[in-house]
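Student: So the chains spell out like this:
Protein chains: 6
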Amino acid sequence: MPVVTVEMWEGRTVEQKRRLVKAITDAMVEHADARPDALHVIIHDVPRESWGLAGVLGPDRTDV
Amino acid sequence: MPVVTVEMWEGRTVEQKRRLVKAITDAMVEHADARPDALHVIIHDVPRESWGLAGVLGPDRTDV
Amino acid sequence: MPVVTVEMWEGRTVEQKRRLVKAITDAMVEHADARPDALHVIIHDVPRESWGLAGVLGPDRTDV
Amino acid sequence: MPVVTVEMWEGRTVEQKRRLVKAITDAMVEHADARPDALHVIIHDVPRESWGLAGVLGPDRTDV
Amino acid sequence: MPVVTVEMWEGRTVEQKRRLVKAITDAMVEHADARPDALHVIIHDVPRESWGLAGVLGPDRTDV
Amino acid sequence: MPVVTVEMWEGRTVEQKRRLVKAITDAMVEHADARPDALHVIIHDVPRESWGLAGVLGPDRTDV
Chain A
0 MPVVTVEMWE
10 GRTVEQKRRL
20 VKAITDAMVE
30 HADARPDALH
40 VIIHDVPRES
50 WGLAGVLGPD
60 RTDV
Chain B
0 MPVVTVEMWE
10 GRTVEQKRRL
20 VKAITDAMVE
30 HADARPDALH
40 VIIHDVPRES
50 WGLAGVLGPD
60 RTDV
Chain C
0 MPVVTVEMWE
10 GRTVEQKRRL
20 VKAITDAMVE
30 HADARPDALH
40 VIIHDVPRES
50 WGLAGVLGPD
60 RTDV
Chain D
0 MPVVTVEMWE
10 GRTVEQKRRL
20 VKAITDAMVE
30 HADARPDALH
40 VIIHDVPRES
50 WGLAGVLGPD
60 RTDV
Chain E
0 MPVVTVEMWE
10 GRTVEQKRRL
20 VKAITDAMVE
30 HADARPDALH
40 VIIHDVPRES
50 WGLAGVLGPD
60 RTDV
Chain F
0 MPVVTVEMWE
10 GRTVEQKRRL
20 VKAITDAMVE
30 HADARPDALH
40 VIIHDVPRES
50 WGLAGVLGPD
60 RTDV
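Protein chains in written order, with numbering that gives the first Met the number 0: chain A, 0 to 63; chain B, 0 to 63; chain C, 0 to 63; chain D, 0 to 63; chain E, 0 to 63; chain F, 0 to 63.
The following block holds chain A by itself, in its conformation from the complex (with noise of 0.2 Å):
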C-alpha cells in the first residue's frame, strides 16, 4: 500500500519504467509486507540542467 517516488534523470525507456515499476514493486512486497494493490511507484524525470551532485549542476559535470 506504500507510495514510491523515483527521482531521476529524464531520458529513460517506457520498457525501461515498466520493468522498474514492477521490481520496486516486488521488493515492497517480499521484504516490507506491503501489499501491491494501492502501491503507486510515481517517477519523476527531470531534466539535467534540474539536478545537482556535490554541488555541481548536471550539465557540467564531467564524470557522467
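A few of these clues could be false.
Partial list, computed: chain A residues near chain D (C-beta under 7 Å) [what the hints assert, rightly or not]:
no., residue
1, 1
2, 2
3, 3
4, 4
5, 5
6, 6
7, 15
8, 18
9, 23
10, 26
11, 28
12, 30
13, 58
Bear in mind the hints are in silico, worked out from the structure with no lab data behind them.
Glycine included, every Cβ here is placed at the ideal spot set by N, Cα and C.
Chains B, C, D, E and F: place on chain A using the hints.
Tutor: Positioned in the frame of chain A, the structure of chains B, C, D, E and F alone reads:
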C-alpha cells in the same frame, strides 16, 4: 500555512486546477486550523508512462 | 488514484486528520476526476523547529 | 545516482529496511541504468493516524 | 549527504540554477555538517497553472 | 515564494536549523529571483536506520 503536494496524471484543465486548489485550501482552513496565507498547493502533472500502480505501468493498465 | 502529501505543523488531533483526509479526497473526486480507491492522503507532522518561513525558524516567529 | 523516497506505515524492522534498501538499489541499477554510488533510498515511517486511503484514515480502516 | 528538493515556478535560466545549486550546497556544508559528495539538489520547475497560493491559482494572482 | 524540502539525518540542533533556514532562503532570493515571504524551508529529520546510500543502510555504513 501548510504545503500540499498533489501527484496526479497530467491532463486536467486550468479550470479543474483552479477549483481543486480552492477546495483543498478551504479543507485545510476548515479542518486543520491552517491559515490560508502562505498555504501552497503544488500540482505535479505526471505522465501515465511515469506512474505505476500495483506493479503495472500506466499505459499497460486495463482498468482505466 | 492520485497521491496527496500534506506538510504541516504537528499537533493536529486524529479527529482533525480524519476530517481533513475525507475533505481532500472529496475535493479530488469532485474537481479532478479522481477515483477514490487507491487515493492516498499522507500527512507529514513536522515539528516547528524543523520549519522555516520567510527565513525565520518556527520557534522564532512572532506572528503565530 | 537517483533518489528514491518510500512512504510507508511505521513498524518495519531494521532488517526489513536493510533488505528493502538493497533490493530497490539493485532494481535501479538493473532496470534504470543507475549508478549505485550517490543513490539514496529514504524511508518515511508514517504513523497510521497520518495516512488516509480512499478517504478513510488508517485507524478507521477495516481491511487491514 | 542530504537531499534538497526545490519547488519553484519554471522560468529560471541554467545560470541561475547553477548558482542556486552551488549556494544551497555551501549552506548545507557550512550550517548542517553535511558532506558535499552525494549531496543532491533537485529542482522541480512547476508551471504557474499548477501552483496555488492562498487558494488562488498562479495565473489568477494579481500580486506577481 | 518557493518551497524547499531538506531530507537529512536527524541530530542537528535548533541553532543549526535556524542558520540553515536563513542561508537557504537567502540563496533563493539572491540566485532564483524568489520573494522571501511565503518561502518555506521544511526539514525532514530522518533516522539513520531509514536511509540507505549505495544500497547500504545508515547503521551499516563504515564511512561515517
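Student: Does residue 23 (chain A) pass the interface check with chain D, least Cβ-Cβ distance below 7 Å?
Tutor: 5 Å, holds
Student: Is the shortest C-beta separation between residue 26 (chain A) and chain D less than 7 Å?
Tutor: Check passed: Cβ of residue 26 (chain A) comes within 4 Å of chain D, closer than 7 Å.
Student: Does residue 18 (chain A) meet its interface restraint, that is, does its C-beta lie within less than 7 Å of any C-beta in chain D?
Tutor: For residue 18 (chain A), the interface hint holds, since the closest Cβ of chain D sits about 4 Å away, which is under 7 Å.
Student: Would the hint on residue 28 (chain A) be counted as holding, given a Cβ-Cβ threshold of 7 Å to chain D?
Tutor: With a closest approach of 10 Å, the residue 28 (chain A) hint is violated.
Student: Close enough to count: is the Cβ of residue 15 (chain A) nearer than 7 Å to one in chain D?
Tutor: Because about 6 Å separates residue 15 (chain A) from the closest Cβ in chain D, which is inside the 7 Å limit, the hint holds.
Student: Classify the hint on residue 5 (chain A) as holds or violated, based on whether any CB of chain D lies nearer than 7 Å to its CB.
Tutor: 5 Å, holds
Student: Hint residue 2 (chain A) vs chain D: min CB-CB distance below 7 Å?
Tutor: 4 Å, holds
Student: Holds or violated: is there a CB of chain D closer than 7 Å to the CB of residue 58 (chain A)?
Tutor: With Cβ-Cβ at 15 Å, over 7 Å, it is violated.
Student: Is the interface hint for residue 30 (chain A) satisfied, with its Cβ closer than 7 Å to some Cβ of chain D?
Tutor: 4 Å, holds
Student: The hint names residue 3 (chain A) as touching chain D; please verify it with the least Cβ-Cβ distance against 7 Å.
Tutor: Holds. Min distance 5 Å.
Student: Residue 4 (chain A) was flagged as interface toward chain D. Is the shortest Cβ-Cβ separation under 7 Å?
Tutor: 5 Å, holds
Student: Does the CB of residue 1 (chain A) sit less than 7 Å away from some CB of chain D?
Tutor: With Cβ-Cβ at 4 Å, under 7 Å, it holds.
Violation of the numbered hints given earlier is confined to hints 11 and 13; the remaining hints are satisfied by the structure.
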